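Undergrad: With the hints as extra help, turn the sequences into a complete structure.
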Amino acid sequence: MNNPNALADQHFDLAAQQHPHLLRSASYNYPHRRAFQVESGTNTQSASQRPSISPLAIWINLPARRFDTALGRDFLDSLITEITLRKEAFGRRPITQLLLRHPFLHYQGADITELMHLVASNFRLNHRDNSPIEYCAELSLEEAEGANLALLKGLGFNEFLVSLPPTLGKADHEALQTSWQHAREFAADSLGVRLPYGYPEQDLHSVRTLLDQVLTLKPNRILLTPASELDRWNLQENVQEHGSHSASQFALLYNALRHAGYRVLGNDCFVLGRDSLAIAQNQNRLRRTAVAYNSVNAADLLGLGPAAGCQLGSRYESNLEAIQPYIQHLQQGKLAVEKVLQLGDTAKACRVVADQLLCYHRLDIDYIENRYDIALSSLAENISWELNAEANMELMRIHNGLLQLSDDGIMRLLFITDTFIAGLLRTQEKE
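114 is the number that the numbering used here gives to position 76 of the sequence shown; each next residue is one higher, with no gaps.
It should be emphasised that the hints constitute simulated quantities derived from the structure, not laboratory data.
This structure is a prediction, so every number in the text was calculated from the model and none was measured.
Keep in mind that the hints are not guaranteed to be accurate.
What the hints assert, rightly or not - List time: in silico DSS-like cross-link candidates among lysine-lysine, alpha-carbon distance up to 27 Å:
#, residue 1, residue 2
1, LYS191, LYS125
2, LYS191, LYS386
3, LYS377, LYS125
TA: Now the structure itself:
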């Protein structure tokens, strides 16, 4: 008798070989510089420095790889300098979302305590008044020890995200179960897993095994993340970033998680129905920045650390990626910003299209037409007809000025969103 799982795997392989561009994670591609046609900013005065008290997300991007320990103190001092330089523009805004990545790869508890004390001294952290917050620490499996989790909980973090390796050996699986037990003891509001796919050493069987190991933990959130996003400097040169190898794994994981009862944000962030993100999506108050979804009304993002990005209204900034230049700029009392980009009027409409499709899997055509004076209705009709006909299935439907994606359309979300953005840009060029 044929193995049903083997037949399913064959189906994913065939689909990915024919249309690998359709089956890809969407959350890590927007804002997409080419798609959004961003314009270089000519004004060095940050738009964020206009007075504002709207909620803000902070992303502290510590390098995900170990660096020379001799740089450790210089790097931490530079990060602290960056925090103090950003205080004037952002010190009054409530920080409703905080993301801290891989703190214990480089530092001990005392260093992290010092860092968070400086953050709390310079920014308006909301855990002090019991307001709704999403303060998440992302940890590798080796970092997710009980003592580290206890420290982070004491510092105000109420969410943990464990970033997994491409495969889990027996010892890794046991370590994950132990860490998970500790995290549950600390009563975290949300426990999540970053599940990687698309690595050369992974195949459909190993990816499905990894997912089955994760599902036994019943995490609140599971984030599917392509190898090209996690490890873009170390991948083999002959590995195609969006080839059928990665696409077939993505399709398998997507379908398995939908069958397991998870609600999907974008097409790669899966949450249980009781999770705060699922509730926010259901209540039409889900927000997103360039790095994460949130339920706490944070539309702007301040990035701190090398390669961190800022999303400040229509202005985007990105820090230097290399650690030494990052340190040198801040030692001179200057922000380590490498690029400043500004969205034009059409690009702002493109961002709204991307946000609506990723957060809610629909487009409010009437709202976008009225808000941005763009003829979206005819474009949406054409795209819907063409893509439905090409796929020979209903990917989307339009009714009373509202476009809604089907589950098959959500899986192809990146391709659909790119198609809408390309169409909007062509329409603008003709005008």
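Undergrad: If a hint holds in the structure, say so; if it doesn't, say that too.
TA: Hint-by-hint comparison with the structure:
1. For the given pair, LYS191 sits about 24 Å from LYS125 by alpha-carbon distance, which is consistent with the 27 Å threshold.
2. For the hint pairing LYS191 with LYS386, the CA-to-CA distance comes to about 38 Å; that exceeds 27 Å, so the pair is violated.
3. A distance of roughly 20 Å separates the Cα atoms of LYS377 and LYS125; the hinted pair therefore holds under the 27 Å criterion.
Going down the numbered hints, you'll see the structure goes against just number 2.
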